[in-house]
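Same order as they appear, the protein sequences are chains A and B.
For the first sequence, the numbering used here gives the first residue as 1, with consecutive numbering after it.
For the second sequence, the numbering used here gives the first residue as 1, with consecutive numbering after it.
Please keep in mind that the hints were generated in silico from the structure rather than gathered at the bench.
Be a bit skeptical, because a hint or two may be false.
Under the rule of at most 30 Å between Cα atoms (straight-line distance), these lysine-lysine pairs were calculated in the DSS-like manner [stated by the list, open to error]:
1) B/K111 <-> B/K22
2) A/K219 <-> B/K111
3) B/K321 <-> B/K233
4) B/K233 <-> B/K221
5) B/K233 <-> B/K267
6) B/K215 <-> B/K201
7) B/K321 <-> B/K463
8) B/K111 <-> B/K324
9) B/K267 <-> A/K234
10) B/K22 <-> A/K234
11) A/K234 <-> B/K233
12) B/K463 <-> B/K267
Listed below, chain by chain, are the residues.
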Amino acid sequence: MDVIAEIQERMELARRAFDSVRAEMSGLVVGHQELIEGIFIALVCGGHCLLEGVPGLGKTLIVRSMGEVLNLTFSRIQFTPDLMPADITGTNVLTDDPTGKKLFDFQPGPIFAHVVLADEINRATPKTQSALLEAMQEQSVTVAGRAHRLQSPFIVLATQNPIEMEGTYPLPEAQIDRFFFKLFVQYPNREELGRIADLTTASPPPSLKKVLDGEGILKIREWVREVPMAEAVKDYAVRLVLATHPQGDGDGAVSSAQRFVLYGSSPRGLQSLILAAKARSLLAGRPNVSFDDIRAGVLPSLRHRLILNLEGEAEGVTSERVLNEIVERVPEVL
Amino acid sequence: MIGEEPLLQERLADLLSWERTKRREKILVEVFFYSVLASLAALPARELVSPWMQPLAWPALLFLLLAPAFFLLRPWGRREWLRALFLLDKTLRLEARAITAWEILGRRERKPGESLVLREAAAGLRNVDPKTLFKRQCSWQEIFALPLLLLWLLFVWFGAGLDSGEAARGSRFPSLAQQLKGFSRDLQDRAKSQGLTETLKVARGLEEAAEKGLKGEISEKKLSEDLAGMVSKIDGILPGAKEADLSFSGVTREGLLDLKAEMEAFKSASSPRGSDSREEKRSAAMLAKIGTLPRLSEEMAKRLQPHEEMGEEELRSLLEKLEKSATAELDRRTLQETEEFLKLLIQGGEGGEKGEAYRLAEQAERGEFSDEERVRGKGAFPGNQPGTKERTPQQTTPSTAGAATQLKGFVGEGKGASMTLRRALPGKESVVRREELLTSYRRQAEEDLASEQIPEGLRETIKRYFLSLGVSESKGGE
Numbered sequence: 001m002d003v004i005a006e007i008q009e010r011m012e013l014a015r016r017a018f019d020s021v022r023a024e025m026s027g028l029v030v031g032h033q034e035l036i037e038g039i040f041i042a043l044v045c046g047g048h049c050l051l052e053g054v055p056g057l058g059k060t061l062i063v064r065s066m067g068e069v070l071n072l073t074f075s076r077i078q079f080t081p082d083l084m085p086a087d088i089t090g091t092n093v094l095t096d097d098p099t100g101k102k103l104f105d106f107q108p109g110p111i112f113a114h115v116v117l118a119d120e121i122n123r124a125t126p127k128t129q130s131a132l133l134e135a136m137q138e139q140s141v142t143v144a145g146r147a148h149r150l151q152s153p154f155i156v157l158a159t160q161n162p163i164e165m166e167g168t169y170p171l172p173e174a175q176i177d178r179f180f181f182k183l184f185v186q187y188p189n190r191e192e193l194g195r196i197a198d199l200t201t202a203s204p205p206p207s208l209k210k211v212l213d214g215e216g217i218l219k220i221r222e223w224v225r226e227v228p229m230a231e232a233v234k235d236y237a238v239r240l241v242l243a244t245h246p247q248g249d250g251d252g253a254v255s256s257a258q259r260f261v262l263y264g265s266s267p268r269g270l271q272s273l274i275l276a277a278k279a280r281s282l283l284a285g286r287p288n289v290s291f292d293d294i295r296a297g298v299l300p301s302l303r304h305r306l307i308l309n310l311e312g313e314a315e316g317v318t319s320e321r322v323l324n325e326i327v328e329r330v331p332e333v334l
Numbered sequence: 001m002i003g004e005e006p007l008l009q010e011r012l013a014d015l016l017s018w019e020r021t022k023r024r025e026k027i028l029v030e031v032f033f034y035s036v037l038a039s040l041a042a043l044p045a046r047e048l049v050s051p052w053m054q055p056l057a058w059p060a061l062l063f064l065l066l067a068p069a070f071f072l073l074r075p076w077g078r079r080e081w082l083r084a085l086f087l088l089d090k091t092l093r094l095e096a097r098a099i100t101a102w103e104i105l106g107r108r109e110r111k112p113g114e115s116l117v118l119r120e121a122a123a124g125l126r127n128v129d130p131k132t133l134f135k136r137q138c139s140w141q142e143i144f145a146l147p148l149l150l151l152w153l154l155f156v157w158f159g160a161g162l163d164s165g166e167a168a169r170g171s172r173f174p175s176l177a178q179q180l181k182g183f184s185r186d187l188q189d190r191a192k193s194q195g196l197t198e199t200l201k202v203a204r205g206l207e208e209a210a211e212k213g214l215k216g217e218i219s220e221k222k223l224s225e226d227l228a229g230m231v232s233k234i235d236g237i238l239p240g241a242k243e244a245d246l247s248f249s250g251v252t253r254e255g256l257l258d259l260k261a262e263m264e265a266f267k268s269a270s271s272p273r274g275s276d277s278r279e280e281k282r283s284a285a286m287l288a289k290i291g292t293l294p295r296l297s298e299e300m301a302k303r304l305q306p307h308e309e310m311g312e313e314e315l316r317s318l319l320e321k322l323e324k325s326a327t328a329e330l331d332r333r334t335l336q337e338t339e340e341f342l343k344l345l346i347q348g349g350e351g352g353e354k355g356e357a358y359r360l361a362e363q364a365e366r367g368e369f370s371d372e373e374r375v376r377g378k379g380a381f382p383g384n385q386p387g388t389k390e391r392t393p394q395q396t397t398p399s400t401a402g403a404a405t406q407l408k409g410f411v412g413e414g415k416g417a418s419m420t421l422r423r424a425l426p427g428k429e430s431v432v433r434r435e436e437l438l439t440s441y442r443r444q445a446e447e448d449l450a451s452e453q454i455p456e457g458l459r460e461t462i463k464r465y466f467l468s469l470g471v472s473e474s475k476g477g478e
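With the rest of the complex left out, here is chain A (with noise of 0.2 Å):
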């Protein structure tokens, strides 16, 4: 097959997979349209998600609905402060084989599912918490010793509430760091309201159908990372990046970074950054990247990954408001 055709038909699969993933999920789930953009382009670049939002706005609906019309294992994780590290990896347990002869048989933790959502993550003591992140750094875990593979495609979508912080255990900035993008659940509108009234008021709920499976997934993270990107379109994620550190200065030097920032991104901030612009690309079924791509996964990639100072945090500032006015001010091309 002609070079092109091949490129062009994995550009129509991807564009067509998500599409349908959005389309079968407004059945069920109202409004979130960015929530459930954001989550898929980051399953297929393989990294994670934190959302953030009161309790009660579906995140769980969403997770379990995505894992469901993407064919993938979903299981969930309330993390509460006696949570052990053991009850989402799994144990070792003594068992008798037909000889009566006594062993060690593990059993996997719920950490072994293709989608696992880790509600109020902040609320487990930071042992459980970093044995999460191992597993989603390691994509495996290791028990007594051994290693167990994590199935793939994994993704862990771990929710916080930013209202109730009493007898939390915030996450450490290298632990937050390794989470791809944070999203920001939204309350609904009016309209959507009336329609999340309707939908679950009524008959019952549709059921989902299976629009894509894991190793579409897979296939689609392949593509991703193929989709070309000019030298000009990453040096300004690259620019964009630096701009969050205080220490900028020249053409990168933003005032409020330089105000209110204590630390900036890091350099997984920028793969992040990147990744999701070739992902979006590709999810538009375009051949290469944009400086559109580029800005749109600012928000989503880097909001987590800047640490504001006393002063910004005293003067209310938040991160979002600071990287707007990076992408600002930081030209396309010098």
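Start from chain A and add chain B according to the hints.
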């Protein structure tokens, strides 16, 4: 149909070439603008610039200096073509396809996805003409360049009213070269009309130096040095100048001019040598004629012993000698005046108090001379200002009955420098004799005839008229 890659290459190369041309033009306009602006700003300081650099040439010189520097500091590079391609993408909504395609075209190896980028970029650029898509846009420098140039020309044309302080004061007066030229012209006119050979030579030398100064071939400083050399030269000429064989001490310049005019009139009216009448009769007629000419008769009386008799030849010889001596004396005095004027001019050119000549010229314009200054006669422009000549008390004494007084300045339409008037004694007729008045008129007419104000064709008629006045008088007397 052209293939995708060649088409893309052609279109992108066209675009970059067009953008490069526009940028070059923009830089040139900017350089031009800043050159004119800098020239305009530097105009008040033009006195400090060497005279060979005429203000009109400043923008061109600055342009030639700045243009290479601008091109060197702002070369066409990656940044420029990147901007051009970005603009193309943005205008055609190609979503970075053009930039990506340009980079891909620069590589030898192609990845699978890149061919599609090239195809889509080529499709987007197939019918694009960069020149119509990205037309020239006027920058603010382009808008203001022409008005600025006109402003510049206006200032240069009207001698730049931008000067301030000392420079402004200085600009109200003619430059050293201009003053020198005016003076040398007047001097040449005088020398020609009065037959002053040495003065004429010096005047021509001065005009030559002035011309060089005006053309910018030499600086004002060099001109001053040349003038100093000229002063030394005059110093050298003066002792060796034809000393008058006969002394004219106590005779004023006007007296000498009157004497020359009377001798001219005498020569025109007297009978030629070897005419029919007897020698005794001819010499008697000559003496009678001399008697009607007051200045001549006065000078003759000084040089003849009482009751001394002279033949016609002796008389003619004495008259010739007298004329030569008067001319040499006039020549000498004019050279002295010239020397004084040049010294003043050099002082003015060398700065100090901006020169006495400038100050006096300014005062003369405003009519602010004190009586003392008028008496001292410190003016820099002989004949046009309070004179550089020593004046006799007779010239400045107030008019008293019977005494002569001289009115300086323009008389009627002619350019005569003065007119001698004598007040009549109470109850009596004027003491100014008709001959004296005629001589004065004749002398004045001679000067006017030498000037350029009287048309060439009428000069001879006027000359004959004044000569006929003297002749008719003498005939009437007989």
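Now the hints, each set against the structure:
Between B/K111 and B/K22 the alpha-carbon distance is near 35 Å, which puts this suggested pair outside the 30 Å criterion. Of the supplied pair hints, the one linking A/K219 and B/K111 holds, its CA atoms being roughly 17 Å apart against a limit of 30 Å. Restraint check: the Cα-Cα separation between B/K321 and B/K233 comes to about 27 Å, which is no more than 30 Å; the hinted pair holds. With a C-alpha separation of about 18 Å, the suggested pairing of B/K233 with B/K221 holds against the 30 Å cut-off.
Restraint check for B/K233 and B/K267: not satisfied, since their Cα atoms lie roughly 35 Å apart, outside the 30 Å limit. A distance of roughly 21 Å separates the Cα atoms of B/K215 and B/K201; the hinted pair therefore holds under the 30 Å criterion. Proposed proximity of B/K321 and B/K463 is supported: the alpha carbons are some 24 Å apart, at most 30 Å. For the given pair, B/K111 sits about 110 Å from B/K324 by alpha-carbon distance, which is inconsistent with the 30 Å threshold.
For the given pair, B/K267 sits about 108 Å from A/K234 by alpha-carbon distance, which is inconsistent with the 30 Å threshold. Between B/K22 and A/K234 the CA atoms are separated by roughly 28 Å; this keeps the pair inside 30 Å, and the hint holds. For a cut-off of 30 Å, the pair hint linking A/K234 to B/K233 is broken: about 83 Å separates their Cα positions. Note on B/K463 and B/K267: the hinted pairing holds, with a Cα-Cα distance of about 14 Å set against a maximum of 30 Å.
This entry does not satisfy hints 1, 5, 8, 9 and 11, going by the numbered hints stated previously.
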